[in-house]
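Given the coordinates of chain G, work out where chain F should sit on it, guided by the hints.
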Amino acid sequence: DQQVKQNSPSLSVQEGRISILNCDYTNSMFDYFLWYKKYPAEGPTFLISISSIKDKNEDGRFTVFLNKSAKHLSLHIVPSQPGDSAVYFCAAEKAAGNKLTFGGGTRVLVKP
Amino acid sequence: GAGVSQSPSNKVTEKGKDVELRCDPISGHTALYWYRQSLGQGLEFLIYFQGNSAPDKSGLPSDRFSAERTGGSVSTLTIQRTQQEDSAVYLCASSSASGYPRDGYTFGSGTRLTVV
Numbered sequence: 001d002q003q004v005k006q007n008s009p010s011l012s013v014q015e016g017r018i019s020i021l022n023c024d025y026t027n028s029m030f031d032y033f034l035w036y037k038k039y040p041a042e043g044p045t046f047l048i049s050i051s052s053i054k055d056k057n058e059d060g061r062f063t064v065f066l067n068k069s070a071k072h073l074s075l076h077i078v079p080s081q082p083g084d085s086a087v088y089f090c091a092a093e094k095a096a097g098n099k100l101t102f103g104g105g106t107r108v109l110v111k112p
Numbered sequence: 001g002a003g004v005s006q007s008p009s010n011k012v013t014e015k016g017k018d019v020e021l022r023c024d025p026i027s028g029h030t031a032l033y034w035y036r037q038s039l040g041q042g043l044e045f046l047i048y049f050q051g052n053s054a055p056d057k058s059g060l061p062s063d064r065f066s067a068e069r070t071g072g073s074v075s076t077l078t079i080q081r082t083q084q085e086d087s088a089v090y091l092c093a094s095s096s097a098s099g100y101p102r103d104g105y106t107f108g109s110g111t112r113l114t115v116v
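These protein sequences, in sequence, are chains G and F. Be aware that the first sequence starts at 1, since it is given in our numbering, and climbs by one per residue. Be aware that the second sequence starts at 1, since it is given in our numbering, and climbs by one per residue.
Careful: at least some of the hints might be erroneous.
[Unchecked claim] Chain G stretches covered by chain F per the calculated footprint, using a threshold of three residues with CB under 8 Å from any CB of chain F: (1) 30–42; (2) 45–58.
[Unchecked claim] Chain F is nowhere near these chain G residues, computed Cβ spacing over 10 Å in every case: (3) Ser-12; (4) Glu-15; (5) Gly-16; (6) Ile-18; (7) Lys-71.
[Said to hold, decoys possible] So the derived label-pair ranges between C-beta atoms look like this: (8) G:Glu-15 with F:Ser-62: 42 to 48 Å; (9) F:Gln-80 with G:Glu-58: 43 to 49 Å; (10) F:Glu-44 with G:Ser-51: 21 to 27 Å; (11) F:Gly-28 with G:Lys-68: 32 to 38 Å; (12) F:Ser-62 with G:Lys-5: 23 to 29 Å; (13) G:Ser-74 with F:Ser-9: 29 to 35 Å; (14) G:Lys-5 with F:Ser-96: 27 to 33 Å; (15) G:Ser-51 with F:Val-74: 31 to 37 Å; (16) F:Thr-13 with G:Asp-55: 46 to 52 Å; (17) F:Gly-28 with G:Asp-55: 30 to 36 Å.
Calculated from the structure, these hints are not laboratory results. Every residue, glycine too, gets a C-beta built ideally from N, C-alpha and C.
Same shape as in the complex, but just chain G:
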């Protein structure tokens, strides 16, 4: 039972353009959502989060959008840079659950 899904396993984008990563979830009890970035042989690093009471959160080149009615969130990276090439995971947390449920990841390749 995959409660958090990232349906695109990979994404290729030109440097300077926008990268859009999508994530869908099924559990309406999730109330916090996070995005992580992972380079090979390293642990995931936290990028940005959003509470379920908001529909948008922005941090520099990264913006996360949340559509609760559709149970969908997305991460926008603008402009994309070659250093953004990595695997991106979305994750969700139930209220006071204190553990994250992760999607399967999307591999992003930013071409120079």
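Showing chain F alone in chain G's frame:
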């Protein structure tokens, strides 16, 4: 320390042997988590420790898996009688009560376990 430290970084073991994986969380972080990532998969929750509370073991895949956290700091994940399906990257993370969930966890670099 400055980050979450895991050891060993790589471990190759024979099927049927026991292994111990170590995690040293960020000083002062009260919560500690173990996840694993099998090849091509997402991160799978294993176990969660919060302060002196009983751990949440709901993600442990079998009774061959156990974990302890001594003195509220270092944690050891033990896998007994390893099987080939246990091969994965085992990731430890920690978080502070004040920063979570807004700031997420801080992960270590993981232990790559290969069972041959």
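Minimum Cβ-Cβ distance from Ile-18 of chain G to chain F exceeds 10 Å: holds, 23 Å
Are Gln-80 of chain F and Glu-58 of chain G spaced within 43 to 49 Å by their CB atoms? holds, 47 Å
Could you check the hint for me, namely that Glu-44 of chain F and Ser-51 of chain G are 21 to 27 Å apart, CB to CB? holds, 25 Å
Taking 10 Å as the cut and beta carbons as the points, is Gly-16 of chain G off the interface with chain F? holds, 28 Å
So does Thr-13 of chain F sit 46 to 52 Å from Asp-55 of chain G, Cβ to Cβ? Since Thr-13 of chain F and Asp-55 of chain G have Cβ atoms about 47 Å apart, the given range 46 to 52 Å holds.
The hint says 29 to 35 Å between Ser-74 of chain G and Ser-9 of chain F; measuring C-beta to C-beta, is that right? Check passed, 34 Å falls within 29 to 35 Å.
How does the Cβ-Cβ distance of Glu-15 of chain G and Ser-62 of chain F compare with 42 to 48 Å: does it lie in that range? This hint holds: roughly 46 Å between Cβ atoms.
Are there three or more residues in the stretch 30–42 of chain G whose C-beta lies within less than 8 Å of some C-beta in chain F? With 5 residues closer than 8 Å to chain F, the stretch 30–42 of chain G meets the three-residue bar; holds.
Ser-62 of chain F versus Lys-5 of chain G beta-carbon gap, inside 23 to 29 Å or not: holds, 25 Å
That 27 to 33 Å hint for Lys-5 of chain G and Ser-96 of chain F (C-beta), does it hold up? At 29 Å between Cβs, range holds.
Chain F covers the stretch 45–58 of chain G, three or more CB atoms within 8 Å, holds or violated: holds (count 4)
Separation of Glu-15 of chain G from chain F, once the least beta-carbon distance is taken, above 10 Å: holds, 27 Å
Of the numbered hints stated above, none is contradicted by the structure.
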